[in-house]
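K.L.:
First to last, the protein sequences are chains R and G.
Throughout the first sequence, residue numbering follows numbering that gives the first Met the number 0, covering 0 to 317 in sequence.
Throughout the second sequence, residue numbering follows numbering that gives the first Met the number 0, covering 0 to 232 in sequence.
By construction, these hints were calculated from the structure, which means they are not laboratory data.
Some hints here could point you the wrong way.
No farther apart than 20 Å at their CA atoms in a straight line, the calculated lysine to aspartate or glutamate pairs in the EDC-like style are these [what the hints assert, rightly or not]:
#	chain 1	residue 1	chain 2	residue 2
1	R	Lys208	G	Glu165
2	R	Lys313	G	Glu136
3	R	Lys263	G	Asp134
4	R	Lys263	G	Asp116
5	R	Lys208	G	Asp85
6	R	Lys198	G	Asp116
7	R	Lys258	G	Glu55
8	R	Lys198	G	Glu157
9	G	Lys50	R	Glu207
10	R	Lys259	G	Glu136
11	R	Lys208	G	Asp74
12	R	Lys208	G	Glu55
13	R	Lys198	G	Asp74
14	R	Lys208	G	Asp142
15	R	Lys263	G	Asp74
16	R	Lys208	G	Glu157
17	R	Lys258	G	Asp134
18	R	Lys259	G	Glu55
19	G	Lys173	G	Glu157
Part of the chain G face toward chain R, derived, beta carbon under 8 Å [claimed, not checked]:
#	residue
20	Gln76
21	Asp96
22	Pro104
23	Gly110
24	Phe169
25	Phe206
Cβ coordinates follow ideal geometry from the N, Cα and C atoms, glycine included.
Each chain, letter by letter, is given below.
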Amino acid sequence: MTLSKKFIGLVILLVFLIFAGISLGSVLDFSNDNILKLRIPRTITAVICGAGIAIAGLLMQTLFRNPLAGPSVLGISSGSTLGVAIGIFALEALGIGMFYEKFTISVLAILGASAVTLLLLFVSKFVKHSNTLLIVGLMVGYFVSSIVSIFSFYGDKTNLQSFVYWGMGSFNKESEMDSLYFYYVPILLILFLVFFLQKPLNILLTGEKYAVSMGLNTSRMRWITITCTGILVGIITALCGPIAFLGIAVPHLARNFIKKSDHKWVIPFALLIGGSLGLICDIISRLPGLEGTLPLNAVTSFIGAPIVVWIIFKNKMV
Amino acid sequence: MNSDTSILSCKNLSIGYSNKTLVADINLEAKQGELIALMGLNGTGKTTLFKTIFKEIPLVSGDILIDNRQISELDLQQLISIVYTDRVSIFGFTVRDMVAMGRMPHTNLFGKLTKADKELIESNINSLGLENIADMEINSLSDGQFQKVMIARALAQETPIIMLDEPTAFLDIKNKKMIDSLLHELTTKHNKTIIVSTHNLEFSKAFCSKVWLIENGKMTEKSPDSLSEANFL
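Taking the hints into account, I'd like the entire structure generated from these sequences.
P.N.:
Quick look at the structure:
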């Protein structure tokens, strides 16, 4: 099958899934306007955030030339989680009412991701090799997670409950389109920008030494890549909670589907597969017959974890 | 076919790391079409010289000139290409894809290859005898084939100078000899200036016009025939 046929096939699949996402659910009453008003934004969020987290994973895997790199590995997702933990546990102490809570938590999640990203950028000035930066990212993630655990331990029981609920992840945390634009616009802007990075990303595949010899400013490219990832992960985590495994799994699915690593092809295919997989996970989480909605993270882990194990065996990392 | 034109020259050059000079007062030059062996014991500064020429690390003092211009003023990707010892592993990358990477410094923002780029890539694939494996994945190549591909990539970069950092270090004797003759052919047929970091004295004597020898913190130009194993013990 040619690449263009595969591309068209994926577009058709995505369109089908969008219709399925809007139609399917525990309530099948399509005459109910409220159902559509809830499902349409939820479906759009699943597609955009699925695609966004996939691109964040792709950027990290190319930058670190490591198949297991992803937003969560670098501690960027943990940074967002810390922002949310501060928001949820500190809001009551500061006496901030519910009206501001949603906005404050979102901003704190973005700030948390950005803070970790800035820290990584600062460290990257003194670190020569990307794999060292990957290890630093992992340590930052552990450090930030320990702070979150301390917050959780001392936190109020009700707040702990809402924090745990947020951590389960959902594409349905926000349904007002006016609020959603606040999240969609920067994600879409970054996804557009990534198309302009295909050449330097391809050069980076050959490794830093060869990349330098081909005239690539590797420090600047590292800045751009980490910044894009930080914004994508911060905003998506603020909107949906931390999304496990999609960031690692989707780039591999894309490369294996097209049998190429050329970013000219991998970027659009990762967008389509990420959007489709995000939507598939969302549909599974609210299949008809289920009472309520399954946690999104449970579904993404159920699908993503076997893929990551497959990657490990495929790359002979055992 | 050597010409008298000096393409790369080092003047009173000292190289090293953060105040620790490894090699001092280098005064050497490479001419167009020369095959030069860069020799010396491990840790004497061969790779450091490559890194300094590539502006990866700053020079301690002195000047490096290419075509009589300071390297600080130049876009080196148009002038020098490099081949390293270690392999690069990229899923789904064919020999043709890898050779095409050599054209990246010459392409537009999206890395689009022109008709002329594609012709040059095919011509380099053919001239190195890679046409039968052009569609094979680089991950499935032997070490010798892989180094040939990386040399084809360096050729596709169309730079007058090619530097190779121990390109045959992990190769068997057959592949070593194949790469050695290939490098010699590139200087005679393509008029490239090639600087090879190597421990192979036999190669230097058979193919190189001169040896840049690093010993005791100094780098001097030697005739390959004047050297013996005693210089490296």
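K.L.:
Next, verify each hint and record whether it holds.
P.N.:
Quick rundown of the hints versus the structure:
no. : hint                : in the structure
1   : R:Lys208 / G:Glu165 : holds (14 Å)
2   : R:Lys313 / G:Glu136 : holds (16 Å)
3   : R:Lys263 / G:Asp134 : holds (18 Å)
4   : R:Lys263 / G:Asp116 : holds (17 Å)
5   : R:Lys208 / G:Asp85  : holds (11 Å)
6   : R:Lys198 / G:Asp116 : holds (15 Å)
7   : R:Lys258 / G:Glu55  : violated (34 Å)
8   : R:Lys198 / G:Glu157 : holds (19 Å)
9   : G:Lys50 / R:Glu207  : holds (13 Å)
10  : R:Lys259 / G:Glu136 : holds (10 Å)
11  : R:Lys208 / G:Asp74  : holds (16 Å)
12  : R:Lys208 / G:Glu55  : holds (9 Å)
13  : R:Lys198 / G:Asp74  : holds (18 Å)
14  : R:Lys208 / G:Asp142 : holds (19 Å)
15  : R:Lys263 / G:Asp74  : violated (25 Å)
16  : R:Lys208 / G:Glu157 : holds (18 Å)
17  : R:Lys258 / G:Asp134 : holds (13 Å)
18  : R:Lys259 / G:Glu55  : violated (30 Å)
19  : G:Lys173 / G:Glu157 : violated (27 Å)
20  : Gln76               : holds (3 Å)
21  : Asp96               : holds (7 Å)
22  : Pro104              : holds (5 Å)
23  : Gly110              : holds (3 Å)
24  : Phe169              : violated (16 Å)
25  : Phe206              : violated (23 Å)
Hint compliance for this structure: hints 7, 15, 18, 19, 24, 25 are not met, and every other hint is.
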